[in-house]
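What follows is the residue order along each chain.
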Amino acid sequence: MKVLYFAWLRDRVGVAEEIVEPPIEVTTVGELIAWLAQRSARHGEAFADPAIVRCAINQNYAKADESFSRTDEIAFFPPVTGG
Amino acid sequence: MKVLYFAWLRDRVGVAEEIVEPPIEVTTVGELIAWLAQRSARHGEAFADPAIVRCAINQNYAKADESFSRTDEIAFFPPVTGG
Amino acid sequence: MIKVQREDFDVGAELAALSAGRGEVGAVASFIGLVRDVAGPGELSAMTLEHYPGMTEKQLGELEAEALARWPLDRVLIIHRHGRLLPGDRIVLCAATSSHREAAFEACAFLMDWLKTKAPFWKLEEVGGQSSWVAAKDTDEAAAAKWTKNE
Amino acid sequence: MIKVQREDFDVGAELAALSAGRGEVGAVASFIGLVRDVAGPGELSAMTLEHYPGMTEKQLGELEAEALARWPLDRVLIIHRHGRLLPGDRIVLCAATSSHREAAFEACAFLMDWLKTKAPFWKLEEVGGQSSWVAAKDTDEAAAAKWTKNE
Chain A
0 MKVLYFAWLR DRVGVAEEIV EPPIEVTTVG ELIAWLAQRS ARHGEAFADP AIVRCAINQN
60 YAKADESFSR TDEIAFFPPV TGG
Chain B
0 MKVLYFAWLR DRVGVAEEIV EPPIEVTTVG ELIAWLAQRS ARHGEAFADP AIVRCAINQN
60 YAKADESFSR TDEIAFFPPV TGG
Chain C
0 MIKVQREDFD VGAELAALSA GRGEVGAVAS FIGLVRDVAG PGELSAMTLE HYPGMTEKQL
60 GELEAEALAR WPLDRVLIIH RHGRLLPGDR IVLCAATSSH REAAFEACAF LMDWLKTKAP
120 FWKLEEVGGQ SSWVAAKDTD EAAAAKWTKN E
Chain D
0 MIKVQREDFD VGAELAALSA GRGEVGAVAS FIGLVRDVAG PGELSAMTLE HYPGMTEKQL
60 GELEAEALAR WPLDRVLIIH RHGRLLPGDR IVLCAATSSH REAAFEACAF LMDWLKTKAP
120 FWKLEEVGGQ SSWVAAKDTD EAAAAKWTKN E
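Protein chains in written order, with numbering that gives the first Met the number 0: chain A, 0 to 82; chain B, 0 to 82; chain C, 0 to 150; chain D, 0 to 150.
Some clues are possibly wrong.
As the list claims (entries may be wrong) - Partial pick of chain D residues on the chain A-facing surface, computed with a CB cut under 8 Å:
hint : residue
1    : F8
2    : G32
3    : R35
4    : A45
5    : L48
6    : E49
7    : Y51
8    : L114
9    : K115
10   : T116
11   : F120
12   : V126
13   : G127
14   : G128
15   : W132
16   : V133
Said to hold, decoys possible - Okay, derived cross-link-like pairs now, DSS-like style, lysine-lysine, Cα gap no bigger than 27 Å in a straight line:
hint : chain 1 : residue 1 : chain 2 : residue 2
17   : D       : K57       : D       : K145
18   : D       : K136      : D       : K117
19   : B       : K62       : C       : K136
20   : D       : K145      : A       : K1
21   : D       : K136      : D       : K2
22   : C       : K145      : D       : K2
23   : C       : K145      : B       : K1
24   : C       : K117      : B       : K62
In case anyone wonders, no lab produced these hints; they're calculated from the structure.
Note that CB positions come from ideal geometry on N, CA and C, so glycine has one too.
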């Protein structure tokens with residue numbers, strides 16, 4: 000499945016998007032964050048403080064307890080600063 | 000002394016300005032309104048409801064109990080409707 | 000800045016000039032008042048704005064000073080037209096610039112509320128050949144009064 | 000109407016188009032956000048706005064619909080730029096038109112408050128050759144939250 004990263008999350012992870020295959024028991028946003036954080040030192044740094052990481056499932060904001068499917072577009076990014 | 004009228008107050012009085020000589024005992028805005036109202040039927044109609052007449056002394060809003068001098072610029076007009 | 004004029008104004012140019020070269024300004028809140036079409040189908044309407052020359056500039060100048068004293072603003076702009084206007088024509092432009100958007104928004108709303116009850120303008124409405132003076136609205140008085148209560 | 004674009008926009012033309020031919024519209028409230036100059040004396044600063052294409056349009060579209068549902072508006076306009084901008088450059092234009100000025104003002108402030116916390120844009124600030132991501136402000140969260148409490 001594809002995961003997108005924006006702003007400093009992308010800088011820390013090192014890529015704007017990647018294809019990942021989380022195990023079947025990873026079903027919620029919070030579980031996906033915990034799993035991604037183990038992938039590398041860079042991922043660990045990017046997801047060090049999950050409280051300041053925002054997630055969107057199919058371009059809608061999603062909280063940590065929301066579940067996703069393997070075909071969803073998942074994105075992680077910092078709190079927004081537009082306007 | 001000169002008195003100015005605007006909007007429907009001018010329409011009712013019939014002139015945009017006039018020179019008047021109120022007696023010496025007329026010293027406040029309220030007294031001037033009462034005195035002007037006696038001048039003609041048109042004046043009477045214009046000042047029929049003093050509560051909806053606004054006054055300015057030297058281009059500052061003035062209440063009924065404020066006094067004026069004979070050299071002041073006095074204006075009467077309806078509640079404003081700009082903007 | 001205060002302008003009382005018969006001519007129309009260029010909203011884009013006025014707002015751009017207000018913030019040009021002001022590096023601290025990140026927020027420009029503005030309000031444009033337009034002549035509404037009050038006529039029924041097939042009728043023509045127009046509006047003539049009369050004002051009290053001299054007092055208008057004085058009152059708007061005091062309004063500008065009051066806004067600058069109440070909020071952390073960089074600049075204030077009020078342009079108000081007079082004369083005969085048609086539906087869709089611009090009547091007024093109010094703007095406030097600041098480094099804070101809340102200050103800019105609040106000041107702009109304040110300018111309009113006070114202007115509506117203090118600036119000596121009167122609207123004469125023409126609909127289907129009949130002219131009548133527009134009556135002042137109690138809601139405008141109430142809107143202006145709320146800025147006094149907050150002090 | 001929602002526009003997400005790299006190019007600058009013409010404020011006067013956009014606001015005029017928003018009310019053109021809309022006879023009931025008497026009030027146009029708008030807000031322009033500009034890049035502030037955050038550099039010290041003699042330094043250059045710039046700002047790059049990154050966004051999430053697709054999600055931005057979706058979120059702004061929902062924001063527009065929400066404003067139209069909450070207030071008696073005629074139209075809503077949001078234009079937001081992305082890419083590299085310099086101090087004084089326009090970032091965003093929000094506008095709401097109505098026959099009531101309170102509705103136009105409130106809706107415009109609402110648009111900005113929600114946009115600040117929901118639209119997926121991120122600011123990368125450059126000062127004196129150093130780049131850093133701008134941190135989100137608690138005050139923006141609080142400003143957006145007040146529109147929820149009122150329900």
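Hints, one by one, checked against the model:
1. F8: 15 Å, violated
2. G32: At about 5 Å, which falls below the 8 Å cut-off, the nearest Cβ of chain A leaves the hint on D/G32 intact, so it holds.
3. R35: 12 Å, violated
4. A45: Violated - the Cβ of D/A45 stays beyond 8 Å from chain A, reaching only about 15 Å at its closest.
5. L48: 7 Å, holds
6. E49: Since chain A brings a Cβ to about 6 Å from D/E49, closer than 8 Å, the hint holds.
7. Y51: Given a least distance of 6 Å, the restraint on D/Y51 holds.
8. L114: 5 Å, holds
9. K115: 4 Å, holds
10. T116: 7 Å, holds
11. F120: 3 Å, holds
12. V126: At 16 Å from the nearest chain A Cβ, D/V126 fails the 8 Å test, so the hint is violated.
13. G127: At 19 Å from the nearest chain A Cβ, D/G127 fails the 8 Å test, so the hint is violated.
14. G128: 17 Å, violated
15. W132: Since the shortest Cβ distance to chain A is 5 Å, the answer is holds.
16. V133: 5 Å, holds
17. D/K57 - D/K145: 23 Å, holds
18. D/K136 - D/K117: Holds. D/K136 to D/K117 sits at ~13 Å (cutoff 27 Å).
19. B/K62 - C/K136: Holds - the C-alpha atoms of C/K136 and B/K62 are around 20 Å apart, at most 27 Å.
20. D/K145 - A/K1: Answer violated: D/K145 to A/K1 is near 36 Å, above 27 Å.
21. D/K136 - D/K2: 25 Å, holds
22. C/K145 - D/K2: Violated - the C-alpha atoms of D/K2 and C/K145 are around 36 Å apart, more than 27 Å.
23. C/K145 - B/K1: Roughly 35 Å separates the two Cα atoms, so the pair is violated.
24. C/K117 - B/K62: 14 Å, holds
The structure fails to meet hints 1, 3, 4, 12, 13, 14, 20, 22 and 23 from the earlier list, while all remaining hints are met.
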